[in-house]
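Engineer: Sequence:
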Amino acid sequence: MPSKNYGYLAAKKPLVLIMDKQSDIVQHVEQYDAGIQIDNGDAHAIYNFINTHSSKELHEMGERAHQLFKDKYTREINTMKYYNLLK
1 MPSKNYGYLA AKKPLVLIMD KQSDIVQHVE QYDAGIQIDN GDAHAIYNFI
51 NTHSSKELHE MGERAHQLFK DKYTREINTM KYYNLLK
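Per the UniProt record's numbering: the sequence shown = residues 1 to 87.
A couple of the hints might just be wrong.
What the hints assert, rightly or not - Across the chosen pairs, the derived CB separations fall in these ranges:
hint, residue 1, residue 2, range
1, Met19, Thr74, 17 to 25 Å
2, Lys4, Gln27, 16 to 24 Å
3, Glu76, His44, 36 to 44 Å
4, Tyr6, Thr52, 24 to 32 Å
5, His53, Met80, 31 to 39 Å
6, Glu63, Asn84, 35 to 43 Å
7, His44, Tyr83, 41 to 49 Å
8, Tyr47, Met19, 16 to 24 Å
9, Thr52, Lys87, 42 to 50 Å
10, Glu76, Asp39, 27 to 35 Å
11, Ser23, Tyr47, 16 to 24 Å
12, Gln22, Asn78, 31 to 39 Å
13, Met19, Asp71, 19 to 27 Å
Stated by the list, open to error - Taking lysine-lysine pairs in the DSSO-like style, the calculated list, with each CA pair at most 30 Å apart, reads:
hint, residue 1, residue 2
14, Lys56, Lys4
15, Lys87, Lys4
16, Lys4, Lys70
17, Lys81, Lys13
18, Lys12, Lys70
I should point out that these hints are in silico values taken from the structure, not numbers from a laboratory.
In this text, all values refer to a predicted model and were calculated from it rather than measured experimentally.
In this text, a Cβ means the ideal position worked out from N, Cα and C, and glycines have one as well.
Take the sequences, apply the hints, and build the full model.
Structural biologist: Here it is as structure tokens:
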């Protein structure tokens with residue numbers, strides 16, 4: 001996962017992911033309803049995402065994004081993933 005996404009999740013921001021649908025972060029964001037995956041070059045989808053959600057809905061997505069961060073992407077969790085990989 002690109003490192004900037006950690007900060008966005010921690011800051012309670014919904015994610016707009018322009019990347020492969022099969023990536024772990026896309027799967028997690030969809031599972032938590034914490035943002036959207038968009039195909040490269042689909043500016044219309046980005047526009048629609050931003051303009052069809054109320055401030056309240058975007059705020060709620062941001063809260064779910066933060067929960068995703070706490071559940072899957074804290075420093076402690078990622079350190080253990082690397083530790084287990086290198087064992």
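Engineer: Would you check the hint for Lys12 and Lys70, treating anything up to 30 Å between C-alpha atoms as holding?
Structural biologist: This hinted pair holds, its Cα atoms lying about 11 Å apart.
Engineer: Hint says 31 to 39 Å; check whether the CB-CB distance for Gln22 and Asn78 agrees.
Structural biologist: violated, 20 Å
Engineer: Would the hint linking Lys56 and Lys4 be met if the CA-CA limit is 30 Å?
Structural biologist: holds, 24 Å
Engineer: Can you confirm whether the C-alpha distance between Lys4 and Lys70 stays at or below 30 Å?
Structural biologist: holds, 16 Å
Engineer: That 36 to 44 Å hint for Glu76 and His44 (C-beta), does it hold up?
Structural biologist: Roughly 39 Å apart at Cβ, these two residues keep to the hinted range, so it holds.
Engineer: When you take the CB atoms of Lys4 and Gln27, is the distance between them in 16 to 24 Å?
Structural biologist: Given about 18 Å between the Cβ atoms, the range holds.
Engineer: Is it true that the C-beta distance of Thr52 to Lys87 lies inside 42 to 50 Å, as the hint says?
Structural biologist: Hint holds: Cβ distance 46 Å, inside 42 to 50 Å.
Engineer: Confirm or reject the claim that Glu63 and Asn84 have a C-beta distance inside 35 to 43 Å.
Structural biologist: Once the Cβ atoms are compared, 29 Å apart, the range 35 to 43 Å for Asn84 and Glu63 is violated.
Engineer: Hey, Lys81 versus Lys13, does the alpha-carbon distance stay inside 30 Å?
Structural biologist: It holds: about 24 Å lies between the C-alpha atoms, which stays within 30 Å.
Engineer: Quick one: are Glu76 and Asp39 within 27 to 35 Å, going by C-beta?
Structural biologist: holds, 34 Å
Engineer: Range first: 41 to 49 Å. Now tell me if the beta carbons of His44 and Tyr83 are that far apart.
Structural biologist: The hinted range 41 to 49 Å holds for His44 and Tyr83, with Cβ atoms some 43 Å apart.
Engineer: Does the Cβ pair Tyr6, Thr52 satisfy 24 to 32 Å?
Structural biologist: holds, 27 Å
Figure legend: structure checked against the earlier numbered hints; hints not met, in rising order: 6 and 12.
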